[in-house]
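> Based on these hints, arrange chain B on the given structure of chain A.
Protein chains in written order, with my numbering: chain A, 1 to 107; chain B, 1 to 156.
Do not rely on the hints blindly, as some may be mistaken.
[What the hints assert, rightly or not] Covered stretches of chain A, going by a simulated chain B footprint (3 or more residues, C-beta under 8 Å):
hint	region
1	34–44
2	64–75
3	87–97
The set of hints was computed from the structure by calculation and includes no laboratory data.
Ideal Cβ positions, reconstructed from N, Cα and C, are used throughout, including at glycine.
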Amino acid sequence: MVHQHNGFLDWLSHHLLTCPLKAHFGVDCPGCGLQRSVISLFRGNVIESFKLYPATIPLIFIVIFTLLHLKFDFKFGAQLIKIVFAGVAVIILINYIYKIYNHQLLN
Amino acid sequence: MSDEQGNQPFEPIKNESEAVEPVNNGPVQPPPFQQPPPFGQFGGGMGQQNLPNATIALVLGILSIPGCCCYGIGLVFGIIAWVLSNGDIKKYNLNPNAYSISSYKNTKAGKICAIIGVVLSALYIAALIITIVVFGWAALKDPQLMKEMLEQKGLQ
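So that you can see chain A by itself, here it is in the shape it has in the complex (with noise of 0.2 Å):
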């Protein structure tokens, strides 16, 4: 069973999206990382996963979280996902700038 997991796994990473700015420029866009930090994710790599896109785990928080919200209605629902939706903007913004200046969008 885990040996099939972990083949789904390889198999999905050499099966991922295209960046089609990645692929026409070979320049990074600001959501390139989040498939290979999903999956790294998935194969218990936290750190690793966080290194290659800080935003993937608020991000599959807000949509698991937002789908409960859907279901039983919290109280302060709406507002933890307004605030949590600006937190990954920010993270986004600032990994990206990061990026920048670190020169790693050419690679």
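Chain B alone, transformed into the frame defined by chain A:
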């Protein structure tokens, strides 16, 4: 120790206000009881239905960030969610009693998420355009040339 105020007869509070009548300030007021509630409703008091696009606006607004970079899908999602939530907020303001508060909150959250997603996508596209203007199309097509130009400008 007798308290003077304690001996006074207790007066019942007389502020029985008139029953609040619903204000009919619009030509079109949909009767809240005749329409069946939509699927997937959350909360909602008696006779209150959810705003029709609350869930869609919230979900699309959240999806506008992960889709921000793939072919500009995020921009499309964000704009759709923004427009839908704007329409719903207008509907709610026209007739606040007919719709549940939780769906109104969800719509507002969806609107804010959509705005953030649209702003991020717009920033991304603007940055792309600026890069093309500064470095030219050819440099973007050729990573080697791009590196050389970056070295010329002392950026790398």
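> All the hints need checking, so say for each whether the structure fits it.
Tested hints:
Against chain B, the region 34–44 of chain A contributes 1 residues with a C-beta closer than 8 Å to a partner C-beta. That does not satisfy the three-residue criterion, and the hint is violated. Only residues whose beta carbon comes within less than 8 Å of a beta carbon in chain B count, and the region 64–75 of chain A has 6; three or more means the coverage holds. Restraint check on the region 87–97 of chain A versus chain B: 4 residues with Cβ-Cβ distances below 8 Å, three needed, restraint holds.
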